[in-house]
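Participant: Residue strings, one per chain:
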Amino acid sequence: MTADYEITIGLEIHCELKTKSKIFCSCPNTFGGEPNTHCCPVCSGFPGVLPVLNKTAVEYTVKAGLALGCDISRYSKWDRKNYFYPDLPKAWQTSQYDLPLCRGGGVAFKGADGEDKFVRLNRIHLEEDAGKLIHEGGVTRVDYNRCGVPLMEIVTEPDLHSPEDAVAFLTELKNILKYTGVSDVKMQEGSLRCDVNLSVARKGGPLGTRTETKNLNSFRSVLRSCKYEAERQIELLESGGEVVQETRRWDDAAGEGSGMRGKENAHDYRYFPEPDLMPVVMSDEDIERIRATIPALKQQRIDKYTAEYNLSDYDAALITADVAIADLFDGTVAEGANPKKAANFIMGDVMRLAKEPGSEDVNIKITPAQLSAMLSLVEQGVVSLVAVQKEIFPKVWGTDADPAAVVDKLGLRQSNDTAEIEAAVKEIMAANEKVVNDYRSGNTKVVSFFVGQVMKATKGKANPKVVNEVLSRLLKG
Amino acid sequence: MKIDRKEVLHIAELSRLTFTEEELDAMGEQMGSVLEKFRRLDEVDVSDVPPTAHILPFVNVLREDKAAEPMPREELLKNAPESDGSAYIVPKVLE
Ligand SMILES: [Zn+2]
Chain A
3 MTADYEITIG LEIHCELKTK SKIFCSCPNT FGGEPNTHCC PVCSGFPGVL PVLNKTAVEY
63 TVKAGLALGC DISRYSKWDR KNYFYPDLPK AWQTSQYDLP LCRGGGVAFK GADGEDKFVR
123 LNRIHLEEDA GKLIHEGGVT RVDYNRCGVP LMEIVTEPDL HSPEDAVAFL TELKNILKYT
183 GVSDVKMQEG SLRCDVNLSV ARKGGPLGTR TETKNLNSFR SVLRSCKYEA ERQIELLESG
243 GEVVQETRRW DDAAGEGSGM RGKENAHDYR YFPEPDLMPV VMSDEDIERI RATIPALKQQ
303 RIDKYTAEYN LSDYDAALIT ADVAIADLFD GTVAEGANPK KAANFIMGDV MRLAKEPGSE
363 DVNIKITPAQ LSAMLSLVEQ GVVSLVAVQK EIFPKVWGTD ADPAAVVDKL GLRQSNDTAE
423 IEAAVKEIMA ANEKVVNDYR SGNTKVVSFF VGQVMKATKG KANPKVVNEV LSRLLKG
Chain B
11 MKIDRKEVLH IAELSRLTFT EEELDAMGEQ MGSVLEKFRR LDEVDVSDVP PTAHILPFVN
71 VLREDKAAEP MPREELLKNA PESDGSAYIV PKVLE
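So the sequences go chain by chain: A and B. Per the working numbering, the first sequence runs over residues 3 to 479. Per the working numbering, the second sequence runs over residues 11 to 105.
Hints in this document: simulated from the structure, not taken from any laboratory. Heads up, a few of these hints could be off.
[As the list claims (entries may be wrong)] Derived lysine to any residue pairs resembling SDA-like cross-links, with alpha carbons at most 25 angstroms apart:
no.	chain 1	residue 1	chain 2	residue 2
1	A	K22	B	A77
2	A	K92	B	I21
3	A	K92	B	M37
4	A	K216	B	E33
5	A	K22	B	V69
[Unchecked claim] Distance windows between CB atoms, simulated:
no.	chain 1	residue 1	chain 2	residue 2	range
6	A	S285	B	D94	16 to 22 angstroms
7	A	G261	B	Q40	34 to 40 angstroms
8	B	Q40	A	N365	53 to 59 angstroms
9	B	Q40	A	R76	40 to 46 angstroms
[Said to hold, decoys possible] One side only, chain B facing chain A, incomplete, derived with CB under 7 angstroms:
no.	residue
10	L24
11	S25
12	V71
13	D75
14	A78
15	R83
16	L86
17	K88
18	A97
19	Y98
We put the CB at the ideal spot given by N, CA and C, even for glycine.
One chain only, chain A, in its complex shape (with noise of 0.2 angstroms):
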């Protein structure tokens, strides 16, 4: 039934931006804080206030826009979204309609079934974020920190055709996003949101009306949401019912889907000019400087990884998945340490730990210093491997300890004291003369046996380079 129908997806992604001030004023643009703390008679809407725009919100707004090959207006200007809601304490969202400040634009990534896609863009245009409501014991509590921050509204074509592709996509924007580094882009946090337009259609037939899933915070949420809107429109038209076009919600813990009632669903939003804010005039200059500040994006990176450090195409991609552990992997190398191991301690160990469990957002708590340094104490022999990704390792993450000084507090130093070694390979040889007899008629493979006695006698410290080396000189005989 499933296979009659073809789905068709637009999205309009909120990314918040990373700016130090609030869009209008200069409260801090910060995370989480106790409620009303982040705030001022400007993003709290009282009357008679005069917003002033923050000129990196608007930079970065472009920069994204650059990033992701949208056309920058030269003329952008702010309008009023007019709807009485407490999240917005005016009464109105200051947004811009008409002029918004980038146009056009896609995003190349690969679907869920392997094949190239790509979405063209309509828009991005730069607003305020509302603030939070919290409904509990039968009233609604309002905190406005978030009130005023500034966000990017990516509006996308109706060009997705799969719940996979749309998230293909999006992790895809986010990646970009966060490359150029104007947003923490945290679904978590809700720095990334994202609305679903959703319509199916016979295979050949019209489009279908199409529905609005609102606010998904996730990505499995956008997958499960998409999945049940998609299903659910198939079935009321399988049963002769009809798709109404509607603003609905998303309960990730039923796992269904609910239209929103009367009210709620009232649009209309009677946008009109800002009279309080100026226009933006951008110039070819200011769109060039801008450009200027977009570090190297992935397929940059994949490009010099492969092609100066020899990275595999598939280690490349794994470095590169994230802009955090691109940006580690950049400075330890920089720092001075080999390509191939960085890549190799930072894919297997710091993976493990930058990576919480069911989260999509990468933690990185070590600095390529701490990094290099580590590396470079295994390649001084100071200490090894094994060591250092069992117990330095997990020491120095999240700390600012100097990872020499952690080798020497938990006496790991490795020994390279070839002398004391020989002493302690004599003693073993001495004390398991059958085993040296089999060695020497042609058993090569016992040697592993004597690896394990020397370390075991030197409590794990005997250099494994050394070892090898002593044992293969005094088991020939």
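Based on the hints, put chain B with the ligand in the right spot on chain A.
Facilitator: Okay, now just chain B with the ligand, sitting in the frame of chain A:
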């Protein structure tokens, strides 16, 4: 010119306001007369005036991105009709 009842009810709903029958009638009258006053603007000849997004001759009025101290919460909430000392309290807006 009077605004019809359907329109008044629509605007009342968007504004989350409830009116009595008499108020609805009065509202329709008053809104109509406001619009009538503004309609006079239509009489001005603007055929040689270029359209603009703003009446003032300024662009790029921008602020450097610097954070400053927000308002103390006690001060901020002082005029709120209802608060619990940390958040504004409004009538329950969702089921
Ligand atoms: Zn403020």
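Participant: Which numbered hints turn out to be false for this structure?
Facilitator: 4, 6 and 17
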